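**Q** Model the full assembly from the supplied sequences, consistent with the hints where possible.
Sequence lines, in order, name chains Y and B. Read left to right, the first sequence gives residues 1 to 417 (full-length UniProt numbering). Read left to right, the second sequence gives residues 1 to 129 (full-length UniProt numbering).
Please keep in mind that the hints were generated in silico from the structure rather than gathered at the bench. Accuracy of the hints is not assured; some may be wrong.
Unchecked claim - Which bits of chain Y does chain B cover? Going by a derived footprint, with three or more residues having C-beta under 8 Å, they are:
| id | stretch |
| --- | --- |
| 1 | 82 to 91 |
| 2 | 100 to 109 |
| 3 | 220 to 234 |
To be verified - The calculated label-pair distances, taken between Cβ atoms and stated as ranges, are:
| id | chain 1 | residue 1 | chain 2 | residue 2 | range |
| --- | --- | --- | --- | --- | --- |
| 4 | Y | K57 | B | D30 | 44 to 50 Å |
| 5 | Y | P239 | B | G81 | 42 to 48 Å |
| 6 | B | G26 | Y | E167 | 35 to 41 Å |
| 7 | Y | Q90 | B | D30 | 17 to 23 Å |
| 8 | B | P104 | Y | G251 | 23 to 29 Å |
| 9 | B | Q82 | Y | H294 | 54 to 60 Å |
| 10 | Y | Q376 | B | P104 | 40 to 46 Å |
| 11 | B | T35 | Y | P93 | 17 to 23 Å |
| 12 | Y | E167 | B | T35 | 39 to 45 Å |
| 13 | B | G81 | Y | L154 | 28 to 34 Å |
| 14 | B | E112 | Y | R213 | 55 to 61 Å |
Given the structure is predicted, the values throughout are model-derived calculations rather than measurements. Using N, Cα and C, we set each Cβ at its ideal position, and we do this for glycine too.
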Amino acid sequence: MLALVDCNSCYASCEQIFRPDLRGKPVVVLSNNDGFVVARSKEAKSLGIGDLEPFFKIEHRLRLHQVAIFSSNYPLYGDISHRVMTTLRQFSPEVEVYSIDEMFLEFQGLRKPWLDYGRQIRQTLWRDVRMPVGVGIAPSKTLAKLANRAAKTLPGCEGVCALDAPEKWQWFQRRTPVDKVWGIGRRLSRRLAGFGVETAYDLAQANPKVLRRYSNVNIERTIEELNGVPCIPLEEQPPVKKQIYCTRSFGTKLSELQPIQQAVTLYASRAAEKLRAQQSLVKAIHLFLHTSPHEPNYYSRSTIVQMPYPTDDTRLIVQLAKEAIAGLYRPGRHFMKAGIGLVELVPGSLGQGDLFTSGQPAHIGRTMRVLDQVNQRFGRGTLFLGAEGVQKKWKMRQAYTSPAYTTRWGDLPEVVT
Amino acid sequence: MKRVSLYGCSIACGFPFPADDHKEPGPSLDEHLITNPAATFMARANGDSMQGLGIFDRDLLIVDRSLEPVQGDVVVVALDGQLVCKVLDRHRGRLLSANSQYPPIPIRQGQEFIVEGVVKASIRYHRLL
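**A** Okay, structure coming up:
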């Protein structure tokens, strides 16, 4: 048996953990640069605030209903997500972190009253982390996803559902449109409608060999999974990223080269940090720079730069990125966005040079380790390259950021004594 | 250039340092105070009502949400939406301060009151950081 546990309105719930006054109240979280709504508490949803609505369009309505507004606070969300995952590991050693707010747990050899176990998981997460979650339990991943959906949509479930017998999952499959099945996108569901497949149940009963011809092998696996036969294994190790991108809009449009280079320095530093975290080295980087596509004379350029040797040295990556971005830059234009991609990655162990080509010197690895450790311990941005600049006028707009309650000394929650 | 640390000796010649095999990690405050890291948070005390128990203004509180609060525990509660640190008097349904200037706070029916965690330890700085 498997469980899929996911956090309800994850980011909005994170904002409520140290703000008990906001629990049960409408809360929204905005995307990078305060552009769109990316998370809504249940109460905000019931006010009719949609997902991904542009903030400027609904700001008036939010204020009218006294909705609490937050900019994205990733240090907080990352730490809370980590706490959720740590707590879940108490329930099973075999886990797959599927996303920042979802985790699969495998219960091998366990036989439980599954509903009780699910409730215990849910209560523990609320008690230890103050995170409300939905728990779906079933014999396959696809069914666990479905059970999770049932846990959320059927009011009687109160956040926990076990589809542990065919009559239970078939009952719910009959009430689920096929495009809500894990792995069935909107396009595929339109094609399936041509075969009279409208609900999850129709798909479960369909002939896999026939449908395979009109799609691919994945649909065969989905059908098996819908019938309680697990086909998609747990992936305990997240796959190593093949590319690492860091790209962002500026807070204001930039026409000078220097602030653009400063921004690119920051993006390159972030990307290099992720590169080291997965113990890879980079051989080539991709740089791009563009103006707003909604304005006349749209200008967009990109370039690829080869590194002299496979490296994870922030300083070298930044140096080459800055030179490259200067080549893309044209005076007189108002740039809106820049980005860097580390596109050709190799495992860290392959970075050694040989007789003919020298690799990255060993002391650089040690320097970078110190940089990462300091920033891990004292908060991101404690140590940074001077090339980022100190003023950071290009910085994203984040007007409503909450404190990083759990990761920064200066931001710890205050308790009245 | 080789560096020589207190333990272990990275000089190529000579005998291995006999203490190397007995190296132990030092006592860690984290391990001592934080048994369930995922359920623990730190907070800053703000006020003087808990002085009698040695919790002063700006002291650091180590709060564990996973502990079951019992009679007499120092707890952090959400009282009408605010985080407050008091002594839990379960038997008489009230919260106590540790300062005679503050009367007990009875928990009225229908009042929003949730125990947010048990204060396991508080840390007092004797030299400002």
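**Q** For each hint, tell me whether it holds in the structure or not.
**A** Do the hints match the structure? See the list:
1. Check result for the stretch 82 to 91 of chain Y against chain B: holds, 5 residues qualifying (beta carbon to beta carbon below 8 Å, three or more required).
2. Given as covered by chain B, the stretch 100 to 109 of chain Y fails the check, having 0 residues with a CB less than 8 Å from a CB of that chain where 3 are the minimum.
3. Only residues whose C-beta sits within less than 8 Å of a C-beta in chain B count toward coverage, and the stretch 220 to 234 of chain Y has 0 of them, not enough to reach three; the restraint is violated.
4. The hinted range of 44 to 50 Å is satisfied by Y:K57 and B:D30, whose Cβ atoms lie roughly 46 Å apart.
5. Evaluation of the 42 to 48 Å hint for Y:P239 and B:G81 yields a pass: the beta carbon distance comes to about 43 Å.
6. Distance hint check: the CB atoms of B:G26 and Y:E167 are about 59 Å apart, inconsistent with the given range 35 to 41 Å.
7. As the Cβ distance of Y:Q90 to B:D30 is approximately 19 Å, the hint placing it in 17 to 23 Å holds.
8. In this structure the hint that B:P104 and Y:G251 lie 23 to 29 Å apart at CB is violated, the actual value being about 51 Å.
9. One distance hint, 54 to 60 Å for the beta-carbon pair B:Q82 and Y:H294, is violated here, with the actual separation near 45 Å.
10. Y:Q376 and B:P104 have their C-beta atoms about 44 Å apart, which keeps the hinted 40 to 46 Å range intact.
11. The given range of 17 to 23 Å is respected by B:T35 and Y:P93, whose C-beta atoms sit roughly 19 Å from each other.
12. Taken as a hint, the range 39 to 45 Å holds for the pair Y:E167 and B:T35, whose Cβ atoms sit roughly 44 Å apart.
13. Distance hint check for B:G81 and Y:L154: the Cβ-Cβ separation is about 30 Å, which falls inside the suggested range of 28 to 34 Å.
14. At roughly 60 Å, the beta carbons of B:E112 and Y:R213 sit within the given window of 55 to 61 Å.
Violated hints, listed in ascending order, are 2, 3, 6, 8, 9; each of the other numbered hints is respected by the structure.
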